[in-house]
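S.K.: Protein chains in written order, with this note's numbering: chain V, 1 to 327; chain E, 328 to 582.
Accuracy of the hints is not assured; some may be wrong.
[To be verified] The calculated EDC-like cross-link candidates involving lysine to aspartate or glutamate, where the alpha carbons are at most 20 angstroms apart (straight line), are:
#1 V:LYS6 - E:GLU426
#2 E:LYS385 - V:GLU182
#3 V:LYS225 - E:GLU404
#4 E:LYS348 - E:GLU404
#5 E:LYS385 - E:ASP342
#6 V:LYS225 - E:ASP441
Calculated directly from the structure, the hints in this document are not laboratory data.
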Amino acid sequence: MSPTWKLLALLLASLVILVLSPFLGADLISFEALSVPGHPEAEVFWALRLPRSAAAFLAGSGLALGGLVFQALFRNPLATPFTLGVASGAALGASLYIWLGTSFLGSLGPLGSALLGAALSMALVYLATRSQGGLSTPVMLLAGVIVNFFFSSLVLFIQYVSSSADSLKITHWLMGSLTGLETARLADLGFIIIVGAVIIRSLATEIDLLVTGEELAASRGVDVKRIKLIIFVVASIMVGAIVSLTGPIGFVGLMVPQACRWVLGWSHRLLTVAVFFGGGAFLALADLLARVILAPAEIPIGVITALAGGPFFLLTLFSIRRQGQLL
Amino acid sequence: MTPLLEARDFSLTIDGRPILKNLSFAVPAGARLSIMGPNGAGKSTLIKCFLRLREGAKTTGEILLNGQSLRVYPRQELARLIGYAPQAGGWIPPYTIRELALLSRYPYPDRSRDQAALTRALELTGLEELANRPLANLSGGERQKAYLAAALAQETPILALDEPTSFLDPRHASELDNLLKDLNLNQKLTIITVTHDLGQPALTGGLALVLRQGTLRYFGEADRLYQDRILEEAFDHPFVYLTHPKDGRVVVLSQ
Numbered sequence: 001m002s003p004t005w006k007l008l009a010l011l012l013a014s015l016v017i018l019v020l021s022p023f024l025g026a027d028l029i030s031f032e033a034l035s036v037p038g039h040p041e042a043e044v045f046w047a048l049r050l051p052r053s054a055a056a057f058l059a060g061s062g063l064a065l066g067g068l069v070f071q072a073l074f075r076n077p078l079a080t081p082f083t084l085g086v087a088s089g090a091a092l093g094a095s096l097y098i099w100l101g102t103s104f105l106g107s108l109g110p111l112g113s114a115l116l117g118a119a120l121s122m123a124l125v126y127l128a129t130r131s132q133g134g135l136s137t138p139v140m141l142l143a144g145v146i147v148n149f150f151f152s153s154l155v156l157f158i159q160y161v162s163s164s165a166d167s168l169k170i171t172h173w174l175m176g177s178l179t180g181l182e183t184a185r186l187a188d189l190g191f192i193i194i195v196g197a198v199i200i201r202s203l204a205t206e207i208d209l210l211v212t213g214e215e216l217a218a219s220r221g222v223d224v225k226r227i228k229l230i231i232f233v234v235a236s237i238m239v240g241a242i243v244s245l246t247g248p249i250g251f252v253g254l255m256v257p258q259a260c261r262w263v264l265g266w267s268h269r270l271l272t273v274a275v276f277f278g279g280g281a282f283l284a285l286a287d288l289l290a291r292v293i294l295a296p297a298e299i300p301i302g303v304i305t306a307l308a309g310g311p312f313f314l315l316t317l318f319s320i321r322r323q324g325q326l327l
Numbered sequence: 328m329t330p331l332l333e334a335r336d337f338s339l340t341i342d343g344r345p346i347l348k349n350l351s352f353a354v355p356a357g358a359r360l361s362i363m364g365p366n367g368a369g370k371s372t373l374i375k376c377f378l379r380l381r382e383g384a385k386t387t388g389e390i391l392l393n394g395q396s397l398r399v400y401p402r403q404e405l406a407r408l409i410g411y412a413p414q415a416g417g418w419i420p421p422y423t424i425r426e427l428a429l430l431s432r433y434p435y436p437d438r439s440r441d442q443a444a445l446t447r448a449l450e451l452t453g454l455e456e457l458a459n460r461p462l463a464n465l466s467g468g469e470r471q472k473a474y475l476a477a478a479l480a481q482e483t484p485i486l487a488l489d490e491p492t493s494f495l496d497p498r499h500a501s502e503l504d505n506l507l508k509d510l511n512l513n514q515k516l517t518i519i520t521v522t523h524d525l526g527q528p529a530l531t532g533g534l535a536l537v538l539r540q541g542t543l544r545y546f547g548e549a550d551r552l553y554q555d556r557i558l559e560e561a562f563d564h565p566f567v568y569l570t571h572p573k574d575g576r577v578v579v580l581s582q
């Protein structure tokens, strides 16, 4: 099957998941109920299920796209905005807000605090890398890992010194969740993800060239520094916005791009589209599982994605052995 | 006449360490230039400077292309003038030869010539049958040819090739030499190669440029390279010069 047909099959499967997921859950919602005005199932569908499925889809798309471009930029399957510190920055912001409340971060709210933390980590990684001259990939990865560890340690410290109630809240936030997203926030998220996705898609050829190596890309006419900066900022804003709304939902940015590469190869013209829809469908599916496995109780969605992440890493390991190289 | 490529007192420093020192030379259009020198002399750095791939480094002096500072050329325009093939070692991009060559068409927003340029590049390098093979599944020599094919797909008047024959066996190296000779003589391409083969300039003729620790030790006709102990001084090593029994060219052996 040609890559284009594979992509079409993936798009179809993703759309089926997106359309069906709000109907499925602890209680099934029938198609007929939607056409009856005031039907309680219709209320649940429009007010709860649909926004939540949309949030899952958007968050999955953004996280996966962020992973795709960072993996390509760093030519390393472990490089994602999460491993580069964005999530730990957001976690630090949210934890600080939960611990100190409005007295410290004023009217920012948990979302604004998380976004501020994500921005802080991005700025630190960027400045640390710049201080070593240029935007070298290994330096950026190292800076990301350092920021990640440092911020994660600060979160642990905050958990230790805060009250048990706050500590529990922080733990819950760190598990990631799609519950209780306001419609206005969902619209903001949709705007950020779609604009980000369009920018990334428009840079598909440049990303292909960056994968061949920065010098080769520059010799073919790519303004490497500018393109890297755009990708870095766009992906970080997308992921920062998602994490600030949902908490850190890990492994999506690692698994989805890698799986899409196995199926479709390395053309980012196809991959950007595949990862956008594949990531969305993956998280919508994970959310469905989170809702039904222990129904009526819910499992935090971050737990589901993390559980899938372990076996996936094993697969990646075997693929590295088979292909003899990292990506 | 304005030289095609000219260095004027060009120096480059990386982390306070001088890599290239006060280089001045002028390469006319249609020339065949072999850049030589011991390891660490700055050969690859120099060829990368022609492509502005060392922009983070501190430089003084100037490199001019068609009489204009390299700095004024937008990247894509530069990529339409100089085609580049890196050394084949190191990172192997996860693409097929065809994909790699098509990516070289990036500086041309008009896609209409892409297929014709690709077909020609594959024909010239004899890689038609391997076109859909991933680079990772090629031998070192084939990969080197793939990079050359990609540079040819750029359709530039200048080719800058970093050690294009170092992974090739004698037959393939000779084929590649013939191809470069044809491109230089018949298609009037200016060809700049970094080479470790000291006999290369005798074979290809044209100009030779010898570097030692970043300084210019020789720039001029290839024929004169083997006189005046130029190579001995540059490499700090004794050589024996023989005459090839068939074509009479100089053959250099390490003593």
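S.K.: Hint by hint, say whether it matches the structure.
M.R.: The hints, checked one at a time:
{"no.": "1", "hint": "V:LYS6 - E:GLU426", "in the structure": "19 angstroms, holds"}
{"no.": "2", "hint": "E:LYS385 - V:GLU182", "in the structure": "52 angstroms, violated"}
{"no.": "3", "hint": "V:LYS225 - E:GLU404", "in the structure": "17 angstroms, holds"}
{"no.": "4", "hint": "E:LYS348 - E:GLU404", "in the structure": "27 angstroms, violated"}
{"no.": "5", "hint": "E:LYS385 - E:ASP342", "in the structure": "8 angstroms, holds"}
{"no.": "6", "hint": "V:LYS225 - E:ASP441", "in the structure": "26 angstroms, violated"}
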